[in-house]
Every structure is written in C-alpha cells, then in structure tokens.
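Undergrad: Below are the chains, spelled out letter by letter.
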Amino acid sequence: MSSKHDRERPGSAGEDAAVTRAWQQASDEQPPARLDAEILAAARRSVEAKDAAAPSLPVRPWTRSRWRQWQPLAAAATVAGLAFVLVQTIPREREVAPPIRIEVPAPAPSPEREVAPPVRGDAPTVAPGPEVTLESRSSAPAPVVTHAPVVPDSGPTGREGSVAGAARSPAAEAAADVADKMRNAETDHRKGVMTEASGDAYSAETAAPAAARAPSAAARPRAADWAARIEALHASGDLAAAATALREFRAADPDADTRLPESLQEWARTVE
Amino acid sequence: MQPLPAEQESRTDEALMCAYGGGDGRAFEVLYERHKGATYRYFLRHAGGQAATADELHQDLWLKVIGARSRYAAQAKFSTWLYTLARHRMIDHWRTRHGISLASLDDVETLSQAEESFAALQDGNDGPLGTSMDLQARQRLVAALADVPTLQRDAFLLHVEGGQSLEEIAGLTAASVETVKSRLRYAYRRLRAALEDLQ
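Residue numbers (this note's numbering), protein chains in the order written: chain A, 1 to 272; chain B, 1001 to 1199.
Do not take every clue at face value.
To be verified - Computed list of lysine to aspartate or glutamate pairs in EDC-like fashion (alpha-carbon distance at most 16 Å, straight line): (1) LYS1064(B) with ASP36(A); (2) LYS1064(B) with GLU38(A); (3) LYS1064(B) with ASP1092(B); (4) LYS1077(B) with ASP1013(B).
Unchecked claim - Negatives, chain A to chain B, calculated, CB over 12 Å: (5) TRP70; (6) VAL79; (7) GLN88; (8) ASP253.
Hints are computed from structural coordinates only; laboratory data are not their basis.
Built from N, CA and C at the ideal position, the CB exists for glycine as well.
Sequences and hints are given; from them, build the entire structure.
TA: Right, here's the structure in full:
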C-alpha cells in the first residue's frame, strides 16, 4: 500500500491531471514483503554496528560475486607466476657451458725436451710431452679422450714442413708456431668449424651432449694454446713476452691463471 | 510492521534521514515506508515489468541510502537525492545488462513529432479517464508507458511516481526545463491515446 505522501504530486505546466490520476490507479505495485524485511534489517544492522559502511546482505545471484571482482587480479598473478617459472627454467649459458679447468703439467726441464710443433694427428694418444686436460663439469657421463701432441722425437709425423729435433727447434720457434696455430684455431672457430686437437694436447669429454659441448669447444684450443704458448715463452727465458702473453690470456679468459701449468702458477702470481 | 509513532510521520524526509544518520533506526523505517512504493515502481516500469530486476535495483538503491546515512547532508530535497541515486542505478543496469546508454535511447524524431502534436494534446478530452479503471485499462496504460521512449518515460516516472518538479527533473537529468516539458508532453500524449483506444 502506498502512503498519502507517496501519492502527493506537485502540479506543473502541461500536466495532464486525468492521465496522472489514471496512472496512479493503474500503478500501485509495492516491493515484496521479503525485500522490505531485508532492507529494514540491513538498516537496523547498520545502526547497531555504528558503521556507515554499506551493510552486508546475503549475496544475491544476480549481483557480481567477489570472485568476479578479483578475477582480473587473479589472472594477472597467474601470468606473472608463469613468466617467473619460464624464466627460471630457461637454461643459462653458465649452466650449459661451465668453466673449464685446465691442468697442464710442468714442462720438461731439460733442453732436449723443448716444445716441438705438435702433430695434427687426431689419434688419441698419451704422450710424455705437455698435456692440457679440460675437465667439463657437466653431469653427463662421457668417456674422456686425451689428445696429446707428438713429441719431437716421435718422427716426422708432424705437420707439413716441420722438422722435429732438438737442434732445429728452439723454444722461441716453438712459441711462434703455437701462436700460428692459435690464429688458425681462431679462424676455424669463426667459421664455426670444430678444429679439434689442432696440434695441442688436451683432454675433453668429447662424448658429452652436443648442446653442452658446443660452447666450451670453442674455448678449448684457445685455452690450451694460450697455456702452451706462455709455457714455451717462459721456458725460452723470454719472461717479458711470457708475461705479455699471460696478460692477454687473462683478458681473454678470467680463469687464465688456473689453466696454466702448475710450474707456472707461482710465476703467474708475480705477473700483474 | 508495527505502527510508527505519529511524531515520526510528521517529520520531513530530510529530518528523518538526518535522524537515521544519527542512529535513529525508526526514522529510516518511516522514510522507507514513504518512498518504497514509488522507487519500486520507478524501477519496475523501466524494467518492463520484470519484478526480479525491479527487486534487485530497489534493494541496491536502499542499501546505498543506508550506506550513505553518515554522509548525508540535507542540502537538497531528500527525494531529489533519492531519485538521483535511483536514476544512476538504472543507468548502470542498462549499461551492464544491455550495453546501451540512456542518451542512445533518446528518440529525437519521436520527440519532434510529440512537439508538433502538442497543440492537439491541449484540446484533449479526459472524460473517460475520470472513471475508475478496470484491469484491462490498467494493463493498457502500463503497456503504453513501456512503449514510450526511455527518456520520456523517465521524465514521466520521476514526475508522477517520484513527485519531482520540472526543475528538479531538469537538474536530475541534466536537461533544460523545456526539454523536460517536451518529454512529459510526449509521455502524456501516448498514455492518453492508449486510454482513448479503450473507449
């Protein structure tokens, strides 16, 4: 039922009193009693709670649920979480290609065992000459193959034009030869060619997975060559050239000192 | 519901709302009793007679009133403030449910036709409207209003159900008084025509 106040209407220009009267007779709907009770209960709760905030009512099916209100935030959080997981699972270069530790034994102290031009032969052999060993930290089990240069007295099996012999191969010449090979190795590396065992002795996990081996393979000849070159210069007595080479090696490889033979470690510490 | 005290009945809407803001729960009951029918019908007519929608909108409106009780300041008529809230809620409903705005419902062409026929409206005979209405006449009248363009219907409901003056409707709808007059004339004309068809 509508109250008297409900039906008191002000007059205005152009008002059609008859239509208004007819409308008021036709339109007399009232809200359901259930709705009245809910609203009045909410009003009472609001007063009792001394809180001006909107009162809480049972969630109606047609109203927007809290879940729908939080849906955008939930979606954004999910996307952010997935992005974080993806970033964490992407393999990093450092994990794929761990630092290579090179162990080079001390060179033979006698002048008869001067460094000779290594042989290009790829047959895995164990030679008494300087040996560079690369140990990969990859967890993949792989057989270790050691490549070693052929010592001068092993016969003319070296590269073309080289003559092995203590009398004809001074240390400086050997160092220059090593430098040549380093340049060759770099050229091959640029061409994307794996120049395996380009005359230097090293050991590596050649059977390791290609993905894990590829980044470190490029560094193998360089590290070995650097170490051999420095060792040859040091053995020839040209300490200044050896120090210069060591500095260049350090610039190219932060772990250069660890890749030097143990006999050079102490000397290397004196080189700034 | 228990009878409300006579002194509460005599208070103005603004005084009742202020009293409710101060913690007088009975004041709200009086206020709600005064306006509940009009606000409910306002929503019901705009919703095309859908009671569920009218229930939802009516409840939302009064919950807003309850929530704003401490912020209410009697700077304007309570009913004007109330129908401002009601109209905003109605517009929100149209936007969310139908993706349309109130302005898009303004039938300018129809409004122009109403303006042209206003002279004829002034000479109308309201004889049959003075009699009591039967059910068919009621249904016809309600259906006729449902066919009235939204802005015209809105003006009519604010005027007849909400008791708002032309100036107040103009302020509520951000339109000029002349525009409100035009809208009302059109709505009245449609309702009169509906009733005359019954004769």
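Undergrad: If a hint holds in the structure, say so; if it doesn't, say that too.
TA: Hints, verified against the model:
no.: 1; hint: LYS1064(B) with ASP36(A); verdict: holds, 15 Å
no.: 2; hint: LYS1064(B) with GLU38(A); verdict: holds, 14 Å
no.: 3; hint: LYS1064(B) with ASP1092(B); verdict: holds, 14 Å
no.: 4; hint: LYS1077(B) with ASP1013(B); verdict: holds, 8 Å
no.: 5; hint: TRP70; verdict: holds, 18 Å
no.: 6; hint: VAL79; verdict: holds, 26 Å
no.: 7; hint: GLN88; verdict: holds, 41 Å
no.: 8; hint: ASP253; verdict: holds, 66 Å
Comparing the model with each earlier hint shows no violations; every hint is respected.
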